[in-house]
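Chemist: As you go down the protein sequences, you meet chains A and B in turn.
First residue of the first sequence: 1, per the numbering used here; consecutive thereafter.
First residue of the second sequence: 359, per the numbering used here; consecutive thereafter.
Don't read these hints as lab results, they were simulated from the structure.
Watch out, some of these pointers could steer you wrong.
What the hints assert, rightly or not - Going by beta-carbon spacing under 7 Å, a handful of chain B positions derived as facing chain A:
id, residue
1, Ile429
2, Gly447
3, Gly450
4, Met451
5, Phe453
6, Ala464
7, Trp474
8, Lys476
9, Ile523
10, Trp627
11, Phe759
12, Leu772
13, Val774
14, Asp791
To be verified - With a Cα cut of at most 25 Å, we get these calculated PhoX-like pairs of lysine-lysine:
id, chain 1, residue 1, chain 2, residue 2
15, B, Lys476, A, Lys335
16, B, Lys575, B, Lys476
17, B, Lys476, B, Lys414
18, B, Lys575, B, Lys414
19, A, Lys333, B, Lys476
20, A, Lys333, B, Lys414
Unchecked claim - What the simulated footprint calls covered on chain A by chain B, stretch by stretch (three residues with Cβ under 8 Å from a Cβ of chain B suffice, anywhere in the stretch; the number is not a length):
id, region
21, 60 to 68
22, 328 to 335
All figures in this text were calculated on a predicted structure; none of them were measured in a lab.
C-beta atoms are modelled at their ideal positions from N, C-alpha and C, and glycine is treated no differently.
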Amino acid sequence: MPWDDVVFDLTFVHGIILLTGVVLYAALGGADFGGGIWDMFASGPRAEQQRQEIARAIGPIWEANHVWLIFVVVLTFTIYPPVFAAISSALYIPLSLILVGITLRGGAFVFRAYASDVAPARRGLSRVFAAASVITPLLLGMCAGAVATGDIRVVDGKVTSSLWTTWLSPFPIVIGLLALTVCAYLAAVYLCVETSGDLQEDFRTRALIAGAVFTALSVAAFPLTRSQAPVIWDGMMDREIVTIVPLAILTAAASGIAVLRRRFRLARITAVAWVAMIIVGWAVAQYPYLVVPDLTITNSAASRAMLVVALWTYVIGALVLIPALWYLFALFKGKNPAATGAYGASTGEMHVGEEHSV
Amino acid sequence: MSDLMAARWQMGTSLGFHIIFAALGIGLPLMMVFAEGLYLRTGNQTWLALARRWSKAFAILFAVGAVSGTILSFELGLLWPRFMEYAGGIFGMPFSLEGFAFFIEAIFLGIYLYGWDKLTPRAHWLAGIPVAISGALSGIFVVAANAWMNSPAGFDIVDGEPVNIDPVAAMFNDAWFQQALHMTLAAYTSTAFCLAGIYAFGYLRGRRDAYHTSALKLAVTFGLVLSISQALSGDLSARWVAENQPVKFAALEGQFETETRAGLTIGGWPNPETRKTNWGIEIPGLLSFLAGHSLETEVRGLNDFPMEDQPDPRPVHLGFQTMVGMGFAMILGSLWIVVTTWRRKRFEPSPWQLRALVALTPAGFIAIEAGWVVTEVGRQPWIIHEVMRTEDGVTEVPGQFAAFGGFTILYVLLTVVLVWLLLRLGRTPPPIDEPVPYRTASPAGSEAGHAVG
């Protein structure tokens, strides 16, 4: 390849790293938000047990999962500074609300554990935790939707779009709701893997509900995409994505069927694959835009020197990060804490799921 | 309040809030790992109880630090989009590194806090070490990025655009070392004095048990060594500022006239109208000596610089006086106790010494806040020293005052709940008689057996 193309290639490589960060944040951090969603909708005779199980499941890992968001933010302002500036200005209001949500979610979650013996404080903090866990992914999804519509315009380096209508319109709202149901689905499926008996059935029901809501919403999203996010629509219709849409549908179906048949470890793997397919598919459809229609991965990229140095940083960082993450998840997610579970054993889950050892 | 001022206040409030947790996030893991290590060495349950208590406090402080740090990373863009568009591609590298350090810290903190019963004693202690290291590295990286704003490097400006970008040179700019050293020591010092004050308070209340004595001894020893080191590092920083940011140096001293044998003004209030610093005590020649280690060093005064290129000297001077004052108070407070202990050959702090330590509980944090006022307000009107003005970096989104108000309320709420919970934690009896929390059915049986015994 001619050397002139190297800058292009590096921007593409960083685009893939950015995409990886987004997928991991969705699959990991998204599920932590989902935990909060099911805390809010905890119901039935085991409501309190559901809440405890959610807290146990996300306690050791939510802070590490949250760092993927920081990773995405830092990568954006280091590699694509104009994108960071444009999104920060255009989506000032939802991003500020997201920060409030993130703060209240994390704060209330930890505070609640320390105030568990003071009933009013525990209940109040529980509500804050749950409400923030609903609002934050909704707004994050809305921001993602807004970026794709083409309503954020950057003229001579200045953002000229409305502070409100870019994100408060039907397409971003539907994307926000989809994000919310994805988080809820992921959390419910992950919790099925980590529970047993009646509690597992509770989360199975919740996974099925979230899956059904997602399906209904995604049907509504199609016509909206065509009218409100034409770049995405065109991308979906005439790129290689033709192979990704069926893959997303296939993984979604596989995960849903696995939940129905109580093959929860299979459901978890396919759910992660499904989320990855949705986000990768979106990225392919939106390519090469980061903010439609003015900023692309090439016209917003930092200097070549930065792209090279940052790539080395990510490679070396990943060498440290991946074993550490592996250890964390092996330690806390390797074995089902409710390993005596009747459903897991009866469907042969226990044999499938012992891939990690502490 | 103008949108620019509101944005500056919001950034300052967010930083001022976050930095307390950042400092504790650097200092507490060190104390925690140190205490658990002493337990593993000696088998003394008191050290284990302290490590467990500190890890419990740290868990809640780290969570608040993590979310308030997230606010800051977004606020870089929300409040200063023009600045980030210009600078992100130049000084982004330390932030990227900080991201990884934060990752490691969060991962191993999860393992440390939730892994007591999953790990052998030694493995658990080892899991604490990356928390302490990456906590310190996070701070160093972020400060290196801030140092770039004081000492921009790694690029040339051609037609107003940055070219020839060298991200490594930007990170290792001329100011990074002295700033990172000063901030890291500040984090350790403030944590040590915070702990010393808490356990001195218990002592005053008559709780002179091994638990309080061990904590107090450890904290005071750390405090003395660190606060003296901090004075030396402060000298390094002061000379760097004198040489490279003479306007900031003049402002922090309230020095309006350019002179040699310049006197050091203690206290006093600079008056930007009359161009004089009133009501201060002047020590002749000392300022020149501090600036260049010679009485003949010329100290440039604010009057030498155009008005539009200088900060308001009042907050900068006040911040500097406060920081240095707190620093010396911490040195003297801890020195007093260490000297009497050394002379009497036993640790028996008097009530007045304990009261002094209680009074010094927030001293390190006050010094940190004051120091950041010096470095940030002192850099004004520049967001990037002599490259970009703060007013050119700020967002064009209107209504900044509302955002500032909203986030301030959020911080107040967090603080109220946090203080309530920490006070509750302080009132619960120390976990001394609780069973050893480690995993017992361990394959490395000899190791576990040693620690339990």
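Chemist: Please go over all the hints and tell whether each is borne out by the structure.
Modeler: Hint-by-hint comparison with the structure:
no.	hint	result
1	Ile429	5 Å, holds
2	Gly447	3 Å, holds
3	Gly450	3 Å, holds
4	Met451	6 Å, holds
5	Phe453	5 Å, holds
6	Ala464	4 Å, holds
7	Trp474	11 Å, violated
8	Lys476	6 Å, holds
9	Ile523	4 Å, holds
10	Trp627	37 Å, violated
11	Phe759	13 Å, violated
12	Leu772	6 Å, holds
13	Val774	11 Å, violated
14	Asp791	20 Å, violated
15	Lys476/B with Lys335/A	12 Å, holds
16	Lys575/B with Lys476/B	31 Å, violated
17	Lys476/B with Lys414/B	17 Å, holds
18	Lys575/B with Lys414/B	21 Å, holds
19	Lys333/A with Lys476/B	12 Å, holds
20	Lys333/A with Lys414/B	22 Å, holds
21	60 to 68	holds (count 6)
22	328 to 335	holds (count 3)
Hint violations for this structure: numbers 7, 10, 11, 13, 14 and 16, all remaining hints satisfied.
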